[in-house]
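Taken in order, these protein sequences are the chains called A and B.
Each residue of the first sequence is one higher than the one before, starting from 1 at the first, in the numbering used here.
Each residue of the second sequence is one higher than the one before, starting from 595 at the first, in the numbering used here.
No lab work stands behind these hints: they were computed from the structure.
Hints are not guaranteed to be accurate.
To spell it out: a stretch of chain A is covered by chain B in this simulated footprint if at least three of its residues, at any positions, have a beta carbon under 8 Å from a beta carbon of chain B; those stretches are [said to hold, decoys possible]:
| id | stretch |
| --- | --- |
| 1 | 136–149 |
| 2 | 321–327 |
| 3 | 409–420 |
| 4 | 441–453 |
| 5 | 550–558 |
| 6 | 566–579 |
| 7 | 585–593 |
Just so it is clear, CB atoms sit at the ideal spot from N, CA and C, and this is done for glycine as well.
There are 2 protein chains.
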Amino acid sequence: MPAYKAPLREMRFLLEELLDVGQLSRLPGHEEATPDTIAAILAAGAELCERELAPLNRPGDEEGCHFENGVVRTPAGFAEAYRTFVAGGWTSLAADPAYGGQGLPKIVNFVIEEMISSANLSFGIYPGLSGGAYQALSLHGSDVLKARYLPRLADGSWSGTMCLTEPQCGTDLGLVRTRAVPGEDGSWKITGNKIFISAGEHDLTENIVHLVLARLPDAPSGTRGISLFVVPKFLPNADGTLGPRNGVGCSRLEHKMGIRAAATCAIDFDEAVGWLVGRPHKGMSAMFTMMNSARLGVGLQGLGIAEIAYQGAVAYARERLQGRSPSGAKAPDKLADPLIVHPDVRRMLLTMKAQIEASRALAYWIGLEIDLAGRHPDPARRQAADDLVALMPPIIKSGFTDLGFAAANLAVQVWGGHGYIRDNGMEQLVRDARICQLYEGANGIQALDLVGRKLGTGTGRLLRRFFHPVAAFIAEQQGDAAMAEFTLPLHKSLARLQQATAWVAETGLRRPEAAAAAASEYLELFGLVALAYMWARMAKLALGRQQGEDGAFYQAKLATARFFMAKLLPRHASLSTSLMAGAEPVMALPEAGF
Amino acid sequence: MPAYKAPLREMRFLLEELLDVGQLSRLPGHEEATPDTIAAILAAGAELCERELAPLNRPGDEEGCHFENGVVRTPAGFAEAYRTFVAGGWTSLAADPAYGGQGLPKIVNFVIEEMISSANLSFGIYPGLSGGAYQALSLHGSDVLKARYLPRLADGSWSGTMCLTEPQCGTDLGLVRTRAVPGEDGSWKITGNKIFISAGEHDLTENIVHLVLARLPDAPSGTRGISLFVVPKFLPNADGTLGPRNGVGCSRLEHKMGIRAAATCAIDFDEAVGWLVGRPHKGMSAMFTMMNSARLGVGLQGLGIAEIAYQGAVAYARERLQGRSPSGAKAPDKLADPLIVHPDVRRMLLTMKAQIEASRALAYWIGLEIDLAGRHPDPARRQAADDLVALMPPIIKSGFTDLGFAAANLAVQVWGGHGYIRDNGMEQLVRDARICQLYEGANGIQALDLVGRKLGTGTGRLLRRFFHPVAAFIAEQQGDAAMAEFTLPLHKSLARLQQATAWVAETGLRRPEAAAAAASEYLELFGLVALAYMWARMAKLALGRQQGEDGAFYQAKLATARFFMAKLLPRHASLSTSLMAGAEPVMALPEAGF
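The task is simple: from the sequences and hints, build the whole structure.
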C-alpha cells in the first residue's frame, strides 16, 4: 500500500506563485481567504487525508460494503472516519454561511477534493455526492426546501445522491420512466427504479436526500419532459427532526470492479413523497447547471488517483534493486541499481509527472476562475471567467480521468508482477480509477459535448476564452530567448488545434458524423495543448527562480517541462492528422461487417 | 458474460488465403497436416473452447483458487474441464510422436492457444506452462529425462512450471539465490524460495514438474552462474509410477487482480531432489531458447483477450438502445437507436477490430515461419524463417498484450457503467489482460530486448528479414493504382521506421541511455508498421475478391484496412519524433526531483 503525502509544496506553487490566489481575498465576501489561511486549511486537510482516510483505502477495498435486508453497511472504519470528517467541518467548506457553511472559495474545495481522491476515492464519493445535492437545491430549490435541507447537507448529518440512471437509460436521459403524480399539499408521489446510485444507501448519516429525475403525468416525451425532485429517505418533520420512513428502498448493491467501499445501489421508489426542485419539465436544465461542476469533480478524482499512483511508483523505483544502468553501475556497493536509474522506468515516471503537474495547474486555474465568475466586481471579468469555466469541463473530466487510469497502469508497470498482487495496493488504483472514465458522462460523451455544444456556443465565444490567453502568452514571450524551447512547440500545437477546430466546425456542418467521429481525438488534442500552455507558464516562472532559494524545485519544473515538450506534446501531429480523416473511415463499414 | 464464438472464418482466411498453410503438408513429417485437416482440428478446438472453457471463465474468477495446508484447489469445474481437455488430446498436439505426441505443425497450437485465451485465460495457463516445460526438456534434457518426463507432459497427466522469480529477483535473474548441491547418483539437492509460480500447485494433475533456476556451489555470480534443473513434486519410480513426495511445497497462493482461477504460488524447495537440464551454469541460455516461444504465447493471450472483448463490445453495441444517430434516427420504430450507429462507438469498435485482425495475421505468419524454420528442406529458407522468428517476439509480446489490455478497456467503455459491474463479465477481461503486460518479461523489457539484442544481431540481419519483404511488397504494388491508398501510408511509415532504426543504432552507440529511452516508442512504431504491412497484404487479396461470393467479407476487410490507415497509422509520425528526442529529456531530472 503506497503511503500518501499531499503535495503541499506543489499546491502552494500553483496557488500562490502561478495563479495569485491572493486576489481572492480582495473579492467581496472572501476577505478572510488569504493565501496563509488557505495554506493552513490545506495543511489540515492533508493531515486528515494522510492519517485518517488513506489507511482505510486498502482494507475498505478488501472488505467492500455489505448488504442485508435493504440495509447497507460501509467497511470497518468508514463511519468513524466520516464522523471525524464532519467534526472537522470538511463538509461545509464551500457552503453558504446562511446555511451554516464556511463560505470559503471553491478553489479550496477543489484542492481538498484532489487530496481525498488520492487518499481514498471510495470515501470521497459520500461527501462528494452531498456537495452535488447541496448545489442542486441551492440553485433551484425553493426557500422552504433550502431551509429544510441545506443546513443538514452542510453539516454532514444528512447526505445526498443524484438519481438519474435507470436500467434502460444511462447517457440518454430522455428515456427516463420514473413518474411523479401530484400528492397532498404540493408534494408529489414518485415511483420508479433507479440504478447505479452512488451513496444511495449507507450507514454514515441519519438521513439521505435523493435528487431524482422523473416525469409528470402530462410530460412531453424525451428530455423536455423531465422534472427534478427531492426525495428524502426519512421525511423531515416541521421541527427538523426525522419523521417516518419514505417509500425509498435499496434493492441491490452492485458488485463492482473497484471503488468497492463506495455503495453503488439500485434504489426503488414506491410512491415516495417528494418535492419539485425548480420548474416542471425543467429538470434537465437544472441537472446541466450542476453537471459542469460534477464533471470537474470527477476530473479531480482522476488527478488524485494519478498523484497517488505516481507516489507509489516513485517509492518503488527508488527502493527496488534490479539490473544495472546502461551507462554503468550507479550503486556499485549493492547487488543491483535501483529501478529509477533505468531510462524506460524514468520515461514512465516522467510521463505521469509531466501530465499530473500540468493537469493540476489547469484544474486550479479553472477552480480559481469559478470563484472569479461568482464574485468579481467587474461583470465583463465575471463573464470571461464563466465562459472559460463552461468550456473546460469535458476536457478536464475526460483528460484527467484518462490520465488517472493511465498513471495507475504505469505505476503497476513500474512495480512489475508485484503490482498485480492485491496486498501491494497498486492494482486497486487501476480498478478504482476505471470508474472515472465511465460515470458522470462516459468520456466519449464528454468529447461530443465539447464538439457539439461548447464549440458552437456564442459562435466560438467560449473557445476564444482559451485561445486568446494562450496566443497572448506566446506573443508576450517573443523577446525571451530562454522561453523559445517552450513557446515554439506550444505555438505549433496551438496552430494545429486551431486548424482542427475550423475543420470540425466546417465539416460538422456538412456532415454531423464527421464531427462526432473526430470528437475524441479533438478533445485529446485540446487537452494536450492546454497542458502545454500550463507548462509554458510554469516554465516562465521557473526560469526566473531556478538560481534562487529552493532552486532545485524550479529546475525540476524545467526538466519536466522539457520532457513534456519533447516526449508527450509531439502526439499533437498524429492526432490532428487522424481526426481530420473525416467520417468515411468510421462510417463505411456496414453494421453486419463488425 | 460475453459468449465466445471462435472466429473460424477469419482464421481460415488467414491460414488458407493469405499464408498458404497448404505448404506445410509438403514438408517432411507434416504430410497429413492438410488445410482441411487443420480446419477440422480448429473447428473441434473451437467447440471445446466455446462449450467447455468459456462458461467456466466468469465463475472461475468469482470463486478463485483455494489454499489450505499447502494444497491448492482450482475452482469448480476446472478439474473436469481439464480431464475433457486431456481426453481430447489437446495437450499433445505439437508434441513429438516419439513421446506420444501428435506431431502437428506449431501453427495449429498457435491458433488453439488464441482460442483458449479468449475463452478462459486462467485455464489456459495450466497446459500452457506444461508446453514450456516440455520444450525445455525436449531441447536441453538428457535422453533419460526426456523418456521419463515428456510422455507424461504430452499426455497431460503431469503438468509443468517455470520457477525463475524470487522475492529479490524478477527481471534481473542474475540475482537468483536458490542453490543446488550434489546429491546421490547424479541428482542434486535444491533449496530456495520461488515466487509468482504459475500453476505451481493445483489439483488438475497427479504430478507437477518444476523447471527451476538455481546456482551450483562453484557458480560464478550473475547470470553466468545459473543452472536449470527439473524438480518433480513426486519423485517418479523407475517403472514410471509415482514415488515419494519431494521436498517441494506451496507456502502461499497470491491474491491477484485477475487470472484468479490460475494458481500463482510461492514454492519452497527444501533439499528437493532434482536433475540438471543441460550443462552446468548454462541455465540462462536454456531459458532463452524457450523465452521466444513463451513470449509469442503471451502475445497470443493478449490477442485472445482482445478478440473476446471485441465480441462482447459488438454484441452490446448492437443491442443497447441509447440516443440517436447524428444523421437522424436509424431505428425510428424504437425509442432509441442501437449504440453501433454512433460514430464514437464505431471508432472504438474499429480501433479494436483493425488491430486484432492485423495482429492475428502477423501472429499466424510468424507461427507458420516457426514450422518452416523447423522443417523446410532448404537451409537458407530455414535460416530466413529462423531469423524472422527470432526478431518478432518482443513486438508480438508487447504489442499484442498492450492491445489486449486496450481492447478490454475499450469494450468496457462501450458498455459504459454496465461494463464496471462484475456480473457482466467485461471488467474481468481488463483484470485478466493486465497480467500479460507484466509476466514473461514486462513490456519495457521487451523493448530493451528489441533495441539491445535483436537490432544488433548479425549487424541487422534479423531486421532485414522484416524490412526486405515489406519493401519488396511495396515495390510489387507500384503498378496497382487500387493499392496506392494502402501502400503509400505503409511506405511512409516504413521510411520513418528505417530512419528511427538508424537513429537508435547510431545514437545508442554513443549513449546507451538514448537507445534505452527510445526503446518503448521504437517498439510501438515497429508494431504499427508490421500491422500496416499485414493490412496492405490483406487488402491486396480483398481487392481481388470483393465482387465474388462472400464479397461482403472482403469489403469489410477493405473498410477496416482503410480505417487502420486513416485513423491508427498516423501515430507513426509522433512516435518517430518523440523517440528521436534523445536521452536528455528522460535523464536530466535528478533522482531527488521525482
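Next item on the list: Could you tell me which of the numbered hints above are not met by this structure, giving the numbers in increasing order?
Entry: The structure breaks only hint 1.
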